[in-house]
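Novice: For the sequence shown, the residue numbers in our numbering are 4 to 522.
No wet-lab data here; the hints were simulated from the structure.
Be aware that a few hints might be false.
[Stated by the list, open to error] For lysine to aspartate or glutamate, the following DMTMM-like pairs were computed, each having C-alpha atoms within a straight-line distance of at most 20 Å: (1) Lys-161 x Asp-177; (2) Lys-345 x Glu-277; (3) Lys-204 x Glu-125; (4) Lys-233 x Glu-244; (5) Lys-465 x Asp-430; (6) Lys-204 x Asp-343; (7) Lys-161 x Glu-499; (8) Lys-180 x Asp-428; (9) Lys-96 x Glu-492; (10) Lys-390 x Glu-302; (11) Lys-522 x Asp-512; (12) Lys-465 x Asp-433; (13) Lys-378 x Asp-428; (14) Lys-207 x Asp-343; (15) Lys-345 x Asp-67; (16) Lys-345 x Asp-258; (17) Lys-339 x Asp-430; (18) Lys-341 x Glu-302.
Because the structure is a prediction, the values reported are computed rather than measured.
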Amino acid sequence: MKQIRNIILSTVSVGLAMSLAGCTNSYEDYNQDPYGVSKKETERDAYSLGAAMINLQSWVVPTDVNTNQFTECLCGGSYGGYLSDSNAGFAGKNFAQYSPENGWSRVLFRDFLPKLSIYFNEVKSATDEPVPLAVAQIVKVAGIHRVTDAYGPIPYSKVGQNGEITAPYDSQEDVYKLMFKQLDEAIATLTANRTFNFSPKADKVYAGNVEKWIKFGNSLRLRLAVRISKAAPALAKQEAEASINNAVGVMTSNDDNAFMTLSNTNPFEVVMYEYNGGDSRVGADITTYMNGYNDPRREAMFTQSTLENATNGYYGLRSGIQIPGAEIAHAYSNYKVKTDSKLMWMNAAEVAFLRAEGALRNWNMGGTASDFYKKGVELSFEQWGVKGAAAYLADNTRTPAVYTDPAGLNTYTGPVSTITVAWDDNDTPDHKLERIITQKWLAMFPLGLEAWADYRRTGYPKLMPVKVNNSGGVVSSERGARRLSYPQEERRNNLENYNAAVGMLGGADNMATDVWWAK
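Could you build all of it, start to finish, from the sequences and the hints given here?
Specialist: Right, here's the structure in full:
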């Protein structure tokens, strides 16, 4: 930690700091500069802060294997077109067939909300310094938005100090407005302290580098802004442009990528290789697109299928089918994740595609949709360590392949899309959007919850419909699941607030009702 000098702040900056302090209730002594980082911070061992912050970071993309399996593999992986269930024992109760049992669909709600609140409050108890508090606020929003995007209205502003979630719900619109407020305040605090790094013991993502956190905070703000671009276009434009206009800005290179270093084995590796020989496999949707494009990233991302009719090929397992036995299911392509692989939260490629979509909407993103689209592809190729981005971007003929199941069980007749890779300025806005979202989807793997959000918001990328729909006619096989139902415990333990939440949802508490930003 650097020796910190006192800095002179403007009245506006002081106001921002006090606003943040009001949210955290951690400041008892205002005799010191509210933005300055004190000597106490530089000398602190950071053990208690480190434990609390790292625990908080562990609930963005969960490091816990069992939680990760439900949220990232079985739910996000299936609905985002990235992964498919390969355990036949899951049939009839899984996300892919629109029939998750309560123990599956409750995880994002019952685990994330309390944990994020508890560990955020532990950070506040461990420090009264503005920099780590601002970082913790950004981390909390990074986790919370995944919960509200899955359910809609959630308890947020009134959740108890100990993580009690039997509280009134906020509408999803209000959740988003509060998240923007919290991000704006945190980014302002960090920008004023942009050179004041904190202990790497308290940060498994950026090792205490404040400028990296500013870029992530701005990029997260941009992600959320694009998400509400149809529901609240004026607010979306305002927040998106604020992210770009910030003095530090957004992620622009792979050095800025938000990846969490793990103390234990990567949970994807455990789920996809160790649990029953692998409870998930790579999905047919993503391999079909990449096969059609002859995408050189396949070799870096996936293993080849060992099925007899899949010689030297990448064949994913189709999602929402009658799951075959393990001998067949485990012979499809798998994710080339390693034991020590870091967990991705967000990458610079996604940010470039967000800027491309913003530019397509005539927002001031600092460049054109075409330029950011090309940059997104180039960053993704660089991230995966493969060459050939220029030739890939110039290809205006290849389209997603037809899915022929090498096991002969679940072939899908006809291509799901005819979208090509090469940018065409003369294309319709809708084709341009499909092109942006499709390449963004390929670049965001394996962030299935993000892919699912884009699919619900835009209809892209186009995915194969399920073959087995166990929703009893509630969920359309063509549109797919639109949200998760609230846990059954909410009806038992929080009925009055639950009923109010369903009213704010504007539809039945089932998987066919759209969330606010997707209506």
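Novice: When the hints from earlier in the document are held up against this structure, which numbers fail?
Specialist: Of the numbered hints given earlier, those the structure breaks are 8, 17, listed in rising order.
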